[in-house]
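A.B. asks: One-letter residues, chain by chain:
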Amino acid sequence: MLNEWLFIGIIFVLAPIFPIAALLIPQIIAPRKPDPLKNQTYECGIETVGESWVQFKAQYYIFALIFLVFDVELVFLFPWAVAYHQLPLFAVIEGILFILVLVAGLVYAWRKGALEWI
Amino acid sequence: MGDPVILVAKWLEQLLAGWGLSASQVNVVMTFIGVLVLAVFVLLLDIFMVWVERKVVARFQDRFGPNRLGPFGLIQPIADVIKLLIKENITPAGADRVVFNLAPIMALATVIMLWAVIPLSPTVFGSDVNVGVLYVVAIGAISTLGIIMAGWASNNKYALLGAFRAVAQVISYEVPMVISLMVPVILARTMGINSIVQAQSVWYIVMAPIAALIFLLSAIAELGRAPFDLPEGESEIVAGFHIEYTGMKFGMFYAGELLHALTMGGLFASLFLGGWRGPGAEAYPILGIIYFFIKAFFIYWVIAWVKYSLPRVRIDQMLNLNWKVLTPLALSVLIVTALLDKLLAGAPIVVYVLSLLAANLAILLTTSRLLRRYARSGRQRVAQPAPIATPERAVAISPKQNASA
Amino acid sequence: MTAMPILFTLVAALTLGAALLVVTTRNLVHAALWLVLALFGVAVFFVLLSAGFLAVAQVVIYIGAIAVLMIFAIMLTRRIARDAGPQVNPNWGWALLITALFFGGLVWMVFQWPGALATQPELNPALDTVQELGKALVSPGAYLIPFEVASVLLLAALIGAIMIAWERK
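Chains as they are written, first to last, in the numbering used here: chain A, 1 to 118; chain B, 119 to 523; chain C, 524 to 692.
FYI, nobody ran anything at the bench for these hints, they're computed from the structure. It cannot be assumed that every hint is accurate.
Said to hold, decoys possible - Straight-line alpha carbon distances no greater than 20 angstroms define the calculated SDA-like cross-link-like pairs of lysine to any residue that follow: (1) A/38 <-> B/368; (2) B/425 <-> B/205; (3) B/460 <-> A/87; (4) B/128 <-> A/57; (5) A/112 <-> B/177; (6) B/205 <-> A/36; (7) A/57 <-> C/593; (8) C/658 <-> A/90; (9) A/57 <-> B/438; (10) A/57 <-> B/432.
As the list claims (entries may be wrong) - To give an idea of the interface, some chain B residues facing chain A are shown, with a C-beta separation under 8 angstroms as derived from the structure: (11) 147; (12) 150; (13) 234.
Using N, Cα and C, we set each Cβ at its ideal position, and we do this for glycine too.
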């Protein structure tokens, strides 16, 4: 078990090193001439107006909320799917019941119009 | 054995043990070397992918693509890399430097991490961890964070908008993707990806074609490739979350996206096309690597085909497709697969496979009927005569309404 | 396994340091990113405890969903990201005392449990922990009721969230 995770642990440490190395090389060989005009943010060609901190639609938040609920339910279902072949029919019905409750949530969000992008 | 990779590994192990290392130390060093070899291989593959992508798009657009440097232009990507390395890195004014530099690193590193669980052959695989499928989802979650970091740290309105669109899209499509991933898990009775490949005496695309289709669509959406490339819609938000990145930092996003596309191809091949399975792969594992990459590149080519053939969808269409089509479809496929698997537990394999296929086709037929009806009502709604600007109408509009418009 | 205590100490220091920075940093987005690091540290703890499923669930749910939700919430608000007010109020001494007492109580409670210092037997490597978890979740003798209640609870959470955030009238 831990042996399997050893590989993943090492790849988590090693994987960022390659991009970091690739980003360090330009630090040495690339020219660096910062200029206030050059460093301006690029927004479709004209000078940027106001703060970049624009306010967002609440709709993004709603989708993140719906996603969170679905995510939690689906993670619960994975152990059920793995143990599936050892389960009696009763347990299978329970799992399907669980999914149907999930569907009820989806139907509610749909009927309420929370899935519309307005 | 007939397996050079294992032979080299065995020789190295004996060499290390000869130096007086204990068994667990040898294990750690061997794993370290394994990760190093895998990561270097994947990165070389990534450089090769630049050439593949450019050639593929060129052929789709009836061009030649790079053909000057080296045979078939094979050295072109090396020249690209050198060009990116000697370009100046511009950090926009007001950017959050640390987060700004961290985001491209995460973009590429997360894709390399995905390869830890993808089996290349019966003997060459990083880790058959028993939560492999969820590990893929977890890494996807971390790369989402990289997108937000890039968009926020750039101090650019368009970058932030692009990042928000990207994240809304990725998290939405993660729902059908996770559900479709559950279908192979039910069929194979395990979450380890190598175990799933081993369980596929019949490719799962035969037993679960809808789940495969949903996985492919959500993978394209997660990649942010056309027709789901709203996060970088050029005409609206310039380039999305990586608008302010220059030189090698942009290169990281580019390389990450290309490699991610191939990785999704590899995942699809492992989960639905039997991964390294093929004639003689059990006896000669080195053949498995070849089979795996043929399948992975085929799916990559399908993704590219879709990308260069279809126009971009609107954001409401993208979300409607996800929440109102793919998610209910995936849930119904999951329920049907689960029930059939239980009911046909003792049945012969042919009956089992054929009834799953028949059920999938029936669902597909019903869905296409429903979609056609929905599309017809949509067409009727759009075809309603819209108010056309005529002189009579212009009088009817009050000045107040004009101001608010 | 002499490497395990070292690894544990490193990860614990990282997690606690990140958690400390969550409350001390003034930039809200930075605070959210430090929180992600702290949550990731917890996932590593789960791996060290051979609970691989909990580790990936931690990353999928806490980093993939909750942290993203928090960052969305921060972005929805305007200009409170760079808060300039004081970070403590005059009662911080009392808060520290009560927190320390609670922590001491928790430590005391854990040591009351006889299994706290005993070395746990190694898990049977042939045992698939995820499979056992799956069986436990749906068997009537174990966690069937919590499993089904959880789905209803999540449904209620979804309905509540839509009611509060979506209802405009």
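A.B. asks: Against each hint, give a clear statement of whether it holds in the structure.
C.D. replies: We went through each hint and held it up to the structure:
1. A/38 <-> B/368: holds, 17 angstroms
2. B/425 <-> B/205: Roughly 29 angstroms between the alpha carbons, so the hint for residue 425 of chain B and residue 205 of chain B is violated.
3. B/460 <-> A/87: It holds: about 9 angstroms lies between the C-alpha atoms, which stays within 20 angstroms.
4. B/128 <-> A/57: violated, 58 angstroms
5. A/112 <-> B/177: Between residue 112 of chain A and residue 177 of chain B the Cα gap is close to 47 angstroms, so the pair fails against 20 angstroms, i.e. violated.
6. B/205 <-> A/36: Measuring from Cα to Cα gives roughly 18 angstroms; hence the hint holds.
7. A/57 <-> C/593: holds, 15 angstroms
8. C/658 <-> A/90: holds, 12 angstroms
9. A/57 <-> B/438: Since the Cα atoms of residue 57 of chain A and residue 438 of chain B sit roughly 17 angstroms apart, the hinted pair holds (cutoff 20 angstroms).
10. A/57 <-> B/432: With a Cα-Cα distance of about 17 angstroms, the restraint between residue 57 of chain A and residue 432 of chain B holds, given a limit of 20 angstroms.
11. 147: Since the shortest Cβ distance to chain A is 10 angstroms, the answer is violated.
12. 150: holds, 6 angstroms
13. 234: Hint holds; residue 234 of chain B Cβ to chain A Cβ min 5 angstroms, cut 8 angstroms.
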